[in-house]
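S.K.: Make a model of the complete structure from these sequences and hints.
If you're matching positions, the sequence shown starts at 1 in UniProt numbering and goes up one per residue.
Heads up, some of the hints might be wrong.
[Unchecked claim] No more than 20 Å apart at the CA atoms, straight line, and that leaves these computed lysine to any residue pairs for SDA-like:
#1 K205 - L184
#2 K126 - R74
#3 K202 - S107
#4 K42 - E83
#5 K202 - G108
#6 K205 - Q106
#7 K202 - A221
#8 K42 - S70
#9 K205 - W222
#10 K205 - E87
#11 K205 - D94
[As the list claims (entries may be wrong)] Label pairs and their computed distance ranges (CB to CB):
#12 E223 - G108: 41 to 51 Å
#13 E41 - E216: 34 to 44 Å
#14 A115 - R74: 46 to 56 Å
#15 Q38 - K126: 20 to 30 Å
#16 G108 - R74: 44 to 54 Å
Since the hints were made in silico from the structure, they are not lab data. Fair warning: this is a prediction, and the values are worked out from it, not measured in the lab. Don't be surprised by glycine CBs; every beta carbon is placed ideally from N, CA and C.
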Amino acid sequence: MMQLHAGPKPVVRSTMSSMVTEQIRDAILSGAYPPGMQLNEKLVAESCGVSRGPVREAIQRLLQEGLLVSEPHRGVFVLELTEDDLEDIYFTRDAVERAALRRIVQSGRGEELSARLRAIVASMRKAVEQEAWTEVASLDIRFHSELVNAAGSRRLSRLFATLMAEMGLCLNQLLGVYRGRGRLIEEHEYLAELVASGDTEKLEKAMADHLQEPVETICNAWERARQENGRLATSGAAKG
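M.R.: Written as structure tokens, this is what we have:
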């Protein structure tokens with residue numbers, strides 16, 4: 001009987017699909033594929049130097065992650081976040097992170113986690129002093145990812161990673177949040193201390209307060225941008 005050696009091929013295909021997914025994700029988060037851009041499967045395949053199969057699989061993965069949206073009879077587009085989207089992301093973040101905190105406190109792993117969080121805050125303080133805002137953003141994500149992952153729930157960690165990917169779509173506005181947030185370090189230090197204390201009630205309130213300000217700041221930035229675009233459009237029409 002002839003034996004079929006089909007094992008390696010799916011691995012190669014899966015690896016190729018993962019590589020293309022990463023390339024498209026990076027293009028979205030870097031702004032090379034801006035919000036609202038339509039993805040042409042053929043052009044993306046040519047750009048990545050692959051066939052359309054891995055691109056199709058990558059698009060399906062990114063649709064599941066929420067970075068792409070499919071519109072019937074129109075195609076696939078890079079997600080454009082609205083104020084409602086942003087509020088929903090932070091609403092879900094609040095639920096995820098507070099659930100993680102409760103499990104961490106119950107498990108008695110708070111002190112060990114607190115030490116790791118304090119080390120991240122120390123690096124964050126240096127980055128703020130150097131006004132390295134992209135590094136600050138990276139450390140902030142690392143702080144909260146460390147916290148969620150410490151809960152030991154793969155599903156919670158996976159959901160949080162998806163939320164972080166969506167937040168990457170408004171990175172420029174997030175950098176503005178870090179620049180104008182004088183108590184950024186103190187807030188993270190306080191959270192790290194509370195994790196060690198095991199005071200769940202104070203922890204949940206501190207986390208809720210911590211996550212509220214970015215929503216207001218980013219929405220205000222979007223509103224200012226809309227007003228500025230409106231003034232430019234009015235000025236251009238008047239000159240014409």
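S.K.: Can you name, in rising order, the numbers of the hints this structure does not satisfy?
M.R.: 2, 4, 7, 9, 15
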